[in-house]
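Enquirer: Given only the sequences and the hints, what does the whole structure look like? Please build it.
Adding 4 to a residue's 1-based position in the sequence shown gives its number in our numbering.
I should point out that these hints are in silico values taken from the structure, not numbers from a laboratory. For every residue, glycine included, the Cβ atom is placed at its ideal position computed from N, Cα and C. Among the clues, some could well be false.
[Unchecked claim] No farther apart than 35 angstroms at their CA atoms in a straight line, the calculated lysine-lysine pairs in the DSBU-like style are these:
no., residue 1, residue 2
1, Lys-125, Lys-48
2, Lys-115, Lys-101
3, Lys-32, Lys-132
4, Lys-48, Lys-115
5, Lys-48, Lys-132
6, Lys-101, Lys-32
7, Lys-32, Lys-115
8, Lys-115, Lys-132
9, Lys-32, Lys-48
10, Lys-101, Lys-48
11, Lys-115, Lys-125
[What the hints assert, rightly or not] Restraint-style ranges between C-beta atoms, simulated for each label pair:
no., residue 1, residue 2, range
12, Lys-48, Glu-108, 19 to 29 angstroms
13, Gly-91, Arg-113, 16 to 26 angstroms
14, Glu-14, Glu-83, 20 to 30 angstroms
15, Arg-57, Glu-94, 26 to 36 angstroms
16, Asp-123, Glu-14, 21 to 31 angstroms
17, Ala-22, Ile-53, 10 to 20 angstroms
18, Tyr-128, Gly-91, 16 to 26 angstroms
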Amino acid sequence: MERNLELCGEMETVTYSAGDVLFPEGGKNGSLCILISGGVEVIKGESPITVIRDVGAIFGEISILLDQVHPVSVVAIEETTCYVTRGGREFLEANPKIALAVSELLALRLKGMISYLADMKAQYEDRKDHLGMVDE
5 MERNLELCGE
15 METVTYSAGD
25 VLFPEGGKNG
35 SLCILISGGV
45 EVIKGESPIT
55 VIRDVGAIFG
65 EISILLDQVH
75 PVSVVAIEET
85 TCYVTRGGRE
95 FLEANPKIAL
105 AVSELLALRL
115 KGMISYLADM
125 KAQYEDRKDH
135 LGMVDE
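Expert: Right, dumping it as structure tokens:
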């Protein structure tokens, strides 16, 4: 992911303090962030999902690509610096290398979810309740 930084060129740099919300769940700001340093926590409702510190990680793409509100909150957990875009989908259309990086990121996430789903299905295949219906 670190190679994503090479694609950022003249993008705006923004530094967030611990506790700052980069993307609020249910909000929509048309921005895309690429992590330079620091770390963020991804939260769905009240449930923490993951902490991300990977340089070059990308946030905000789901909202931009689907033209929907952010499905999760992304919150800085320490001083965090990102490249930030404005202009949403138009930015991706004008920057195909970054759009490809977003596609690769989404493919990696989908691969992980497929593995997770297969694991869950194998663990609960003999169940007749809601856990047995994990693939439906």
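Enquirer: Now look at each hint and say whether the structure bears it out.
Expert: Against the structure, the hints:
A distance of roughly 23 angstroms separates the Cα atoms of Lys-125 and Lys-48; the hinted pair therefore holds under the 35 angstroms criterion. Note on Lys-115 and Lys-101: the hinted pairing holds, with a Cα-Cα distance of about 21 angstroms set against a maximum of 35 angstroms. Proximity of Lys-32 to Lys-132 is assessed by CA-CA distance (about 39 angstroms); at most 35 angstroms being required, the pair is judged violated. Restraint check for Lys-48 and Lys-115: the C-alpha separation of about 20 angstroms stays at or below 35 angstroms, so the hint holds.
Taking the CA atoms of Lys-48 and Lys-132, the gap is near 28 angstroms; set against the 35 angstroms cutoff, the hint holds. A C-alpha spacing of about 23 angstroms is found between Lys-101 and Lys-32, which places the hinted pair at or below 35 angstroms, so the restraint holds. The straight-line distance between the Cα atoms of Lys-32 and Lys-115 is roughly 26 angstroms, inside the 35 angstroms bound, and the hint therefore holds. A C-alpha spacing of about 27 angstroms is found between Lys-115 and Lys-132, which places the hinted pair at or below 35 angstroms, so the restraint holds.
About 15 angstroms separates the Cα atoms of Lys-32 and Lys-48, which keeps this hinted pair within 35 angstroms; it holds. For the suggested pair Lys-101 and Lys-48, the alpha carbons sit about 29 angstroms apart, so the restraint of at most 35 angstroms is met. The suggested pairing of Lys-115 with Lys-125 holds, with an alpha-carbon distance near 15 angstroms, which does not exceed 35 angstroms. At roughly 23 angstroms, the beta carbons of Lys-48 and Glu-108 sit within the given window of 19 to 29 angstroms.
The hint said 16 to 26 angstroms for the Cβ distance between Gly-91 and Arg-113, and at roughly 23 angstroms that hint holds. Distance hint for Glu-14 and Glu-83: a CB-CB separation of about 23 angstroms, consistent with the stated range 20 to 30 angstroms. Distance hint check for Arg-57 and Glu-94: the Cβ-Cβ separation is about 29 angstroms, which falls inside the suggested range of 26 to 36 angstroms. For Asp-123 paired with Glu-14, a C-beta distance near 43 angstroms fails the hint of 21 to 31 angstroms.
Separation of Ala-22 from Ile-53 is about 18 angstroms and conforms to the stated range, judged on CB atoms against 10 to 20 angstroms. A beta carbon spacing of about 44 angstroms between Tyr-128 and Gly-91 contradicts the range 16 to 26 angstroms that was offered as a hint.
Consistency with the previously given hints fails for numbers 3, 16, 18, ordered from lowest to highest.
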